[in-house]
Structures are given as structure tokens and as C-alpha cells.
Amino acid sequence: MGTSMTAKLILRKEEFEVKSGMTVRSALEKLEIVPESVIATRQGDLITDDELIEEGDVITLISVISGG
Amino acid sequence: MKCRKCGAKAAINMRQHKLALCKQHYLEWIPTQTQRFIEEHHMFSPEDRILVAVSGGKDSLALWDILTRLGYQADGLYIGLGIDSGFGYSDKSLHFCQKYAEDHRLSLIVVDVKDAYGSTIPQLNEKTPRGKDKPCAVCGLSKRNIMNRVARDGDYDVLVTGHNLDDEAAVLFGNTLNWLGSYLLRQGPVLEADHPGLVRKAKPLFRFYERETTAYALLRGIEYIYDECPHAEGAKSIYYKEVLNQLERNRPGTKLIFYLNFLKAKEGGLFAEQAPETDPLNTCLTCGQPTSSPEQCAFCRLVERSTP
Ligand code: SF4
Ligand SMILES: [Zn+2]
Ligand SMILES: [Zn+2]
Numbered sequence: 001m002g003t004s005m006t007a008k009l010i011l012r013k014e015e016f017e018v019k020s021g022m023t024v025r026s027a028l029e030k031l032e033i034v035p036e037s038v039i040a041t042r043q044g045d046l047i048t049d050d051e052l053i054e055e056g057d058v059i060t061l062i063s064v065i066s067g068g
Numbered sequence: 001m002k003c004r005k006c007g008a009k010a011a012i013n014m015r016q017h018k019l020a021l022c023k024q025h026y027l028e029w030i031p032t033q034t035q036r037f038i039e040e041h042h043m044f045s046p047e048d049r050i051l052v053a054v055s056g057g058k059d060s061l062a063l064w065d066i067l068t069r070l071g072y073q074a075d076g077l078y079i080g081l082g083i084d085s086g087f088g089y090s091d092k093s094l095h096f097c098q099k100y101a102e103d104h105r106l107s108l109i110v111v112d113v114k115d116a117y118g119s120t121i122p123q124l125n126e127k128t129p130r131g132k133d134k135p136c137a138v139c140g141l142s143k144r145n146i147m148n149r150v151a152r153d154g155d156y157d158v159l160v161t162g163h164n165l166d167d168e169a170a171v172l173f174g175n176t177l178n179w180l181g182s183y184l185l186r187q188g189p190v191l192e193a194d195h196p197g198l199v200r201k202a203k204p205l206f207r208f209y210e211r212e213t214t215a216y217a218l219l220r221g222i223e224y225i226y227d228e229c230p231h232a233e234g235a236k237s238i239y240y241k242e243v244l245n246q247l248e249r250n251r252p253g254t255k256l257i258f259y260l261n262f263l264k265a266k267e268g269g270l271f272a273e274q275a276p277e278t279d280p281l282n283t284c285l286t287c288g289q290p291t292s293s294p295e296q297c298a299f300c301r302l303v304e305r306s307t308p
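Protein chains in written order, with the numbering used here: chain A, 1 to 68; chain B, 1 to 308.
I should point out that these hints are in silico values taken from the structure, not numbers from a laboratory.
Backbone N, C-alpha and C fix where the C-beta goes; we use that ideal spot for every residue, glycine too.
Be aware that one or more of the hints could be misleading.
[As the list claims (entries may be wrong)] Chain B is nowhere near these chain A residues, computed Cβ spacing over 12 Å in every case:
1. MET5
2. GLU14
3. PHE16
4. SER20
5. GLU55
6. VAL58
[Said to hold, decoys possible] In the PhoX-like style, the derived pairs of lysine-lysine whose C-alpha atoms are separated by at most 25 Å in a straight line are:
7. LYS30(A) <-> LYS18(B)
8. LYS13(A) <-> LYS92(B)
9. LYS9(B) <-> LYS8(A)
10. LYS9(B) <-> LYS19(A)
11. LYS92(B) <-> LYS143(B)
12. LYS143(B) <-> LYS127(B)
13. LYS13(A) <-> LYS236(B)
Work out the full structure: start from the sequences and follow the hints.
Have a look at this one:
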């Protein structure tokens, strides 16, 4: 906590720390999450994946794949 | 990224269409497109009585929402599978369907498999000769039979399901990997009622990516069951979707083209209609639906086997 430039990405029960300043898309690529399989939301709003992640952001990823 | 229509901040970017839209314009775009697909494929008309199969998931509830907003007369059908798996999957999914129906004053038909046939889907599955560990085959068989029966008995003109493009592309991918000719021939956005006892079926969302139906449900504020059916874990369809999304990531539009070009190829005669002799359909003595077996259909046999 404190001075590190980080933000959080949440996907179902998993939490990932990412650096702020990168785009949502590059964060997803870095975490090896296929961008086509999720929708990124910030404070309840849908955001496109060219958005920059800001310090302290909590980005919730909604999985879009359902099966069966 | 900005909305192409108004320049406001975009809520979603659809790379395969090179189209980004804000919330308001996206919520307009989806029903307009759906209406276009309905007309292009002659799915149904405003006079038709429509039965929407709803599972409590994003696709089927989004579909119900879109159709009623477009002015269609659409009732919902929920099938209670009796799947609990520690978190009340079926109870929860019923709750979301009921809530949607109540909030929008729509009529929802509920068929609970256990009440109607004496056993839940997992119980029916245990009674199958080879007692498969996953109830999906039994589940699919049962849902098809029940949906068709309710649609037929209720005099609905068409039964619609919330299948999206990813669902269809995944099925196509599986059928192609295995060269299942007869399945390929039958796959499409509309299934005609080509036998007595069968109801016409249509999939109005078949051109939308799963990502788009999810975005619609989220932006529209539709509450849906986010947790998967526990038996979906490890399903082949999910694996195929992931593979297709890998292709999509590098080449936006790949899965859309895969499916649409399949439909075109089929229309152009790529697959030869098989001789009808290979598949003589009889009528099930119990439920009156078409079956390849001489007396009872697979579902009715299953139910009978599990009733003491
Ligand atoms: S995952 Fe299997 S058991 Fe669950 S709803 Fe789908 S077909 Fe039925
Ligand atoms: Zn706009
Ligand atoms: Zn039958």
C-alpha cells in the first residue's frame, strides 16, 4: 500500500495487481486474459479497452463466456 | 474511444464492426439490429405468439427484453432442472426469471422437471444405463422435449432461444472438427417445423457476440445469474469458444465470418441433403413428438425408466 503506482483487476474470485498508466487491453494481455472473453467495468460503468488504468482503480472484469 | 453516433464516451467497442457506441446508442443499436435479423431470416412477425426459453442467464433475458421492446408478444418459459450443487443454481436462476417477468409484467411459464416427471435432471441422469458423470446429455434431451411440448400445447407459433454467435460458432466448430454432416445440415438461425408435433424454432441473437449480449444485459440493468451451471465446467463448448476467441483476438471478425460463410456455403449447396430413408421419423406414442425409435422417444423412455 501507499506509494506504489498500482491498480486492481478483479475477475470472478481472482484479484490481480497491475501498474497504473497502461491501457486495459495491455493489462489483459499481460495477465493472459483474452480481451474478447471479458467486459471491463469501472465503478459500474463499462469501459473500452483503450482506457488508461489510473492509480487506485478497481476494474471489475465481467466474464462473458457461458457454456453447457 | 468515442461513440460513432454522438461523440460521447463509448461504452463498448466492437472490433469486428469497427464500431464503438455509447450506452444510449448501444441500447438502440441492439434492438434495431435484432429486428433486421428477424426480418432477413423470416423468423416471425408481430402477429405471432412467441415463446422465449429463459434460463436466467444474460442471453435469454436480454432476448426477452429486446423482443418485448420491439413490440412482439413473447411469453417466457423456464424449465426447473433441479440442479443445486451447493449454491442453489436452479433456484437462483428461477428467481432472476421471475423477477424479470414481474418487473415487466410479462407472463412466465414454469415447468419444474421434478414436479412434472418425478425426478430432477441429475436424478434422471443417474438412471441412464451408463450413468454418465455429467448430466448434460440428459439435460439437453429433456429441455428440447419440454420446450417443444410447451410451445405446441400452448399454440405458440415459434419457440425462440437466446443462442448467440459464440454459441453457434462453437457448435459449428465442433461439428466441423468431427465432420458431422447431418448436424451441419440442420444448424442455422431458423429450424423449420418439418415434422408433425414439432414447433418452429428461431435464434434472433445469432449474430451478436457473447460480449455484446452481456454488454446489453449490463447496460440495460437486467439482473441475471452470473454463476455458471456447475456442470458446464470443462465443457467442450467453452473450450471451443476460448479457441475461437484466440483467433478473434488477432483477427477481429474471424468467428463471425466463420459462421456467416458457413450459412452462405450451405445455402449454396455445399452440403447435400441426405436421403430421407436414412432417418425415418416416427411419432412418440407417449408425447407425440418425432423420434427415430419405433415407439417412445428417448426422453419418454428415460422418464419411464426412472418412475418406479
Ligand atoms: S451445463 Fe449441462 S446440466 Fe448444466 S444446464 Fe447446461 S446442459 Fe444442463
Ligand atoms: Zn452515442
Ligand atoms: Zn416422447
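Evaluated hints:
{"no.": "1", "hint": "MET5", "verdict": "24 Å, holds"}
{"no.": "2", "hint": "GLU14", "verdict": "15 Å, holds"}
{"no.": "3", "hint": "PHE16", "verdict": "18 Å, holds"}
{"no.": "4", "hint": "SER20", "verdict": "19 Å, holds"}
{"no.": "5", "hint": "GLU55", "verdict": "20 Å, holds"}
{"no.": "6", "hint": "VAL58", "verdict": "17 Å, holds"}
{"no.": "7", "hint": "LYS30(A) <-> LYS18(B)", "verdict": "24 Å, holds"}
{"no.": "8", "hint": "LYS13(A) <-> LYS92(B)", "verdict": "19 Å, holds"}
{"no.": "9", "hint": "LYS9(B) <-> LYS8(A)", "verdict": "22 Å, holds"}
{"no.": "10", "hint": "LYS9(B) <-> LYS19(A)", "verdict": "23 Å, holds"}
{"no.": "11", "hint": "LYS92(B) <-> LYS143(B)", "verdict": "18 Å, holds"}
{"no.": "12", "hint": "LYS143(B) <-> LYS127(B)", "verdict": "17 Å, holds"}
{"no.": "13", "hint": "LYS13(A) <-> LYS236(B)", "verdict": "23 Å, holds"}
Comparing the model with each numbered hint stated earlier shows that all of them hold.
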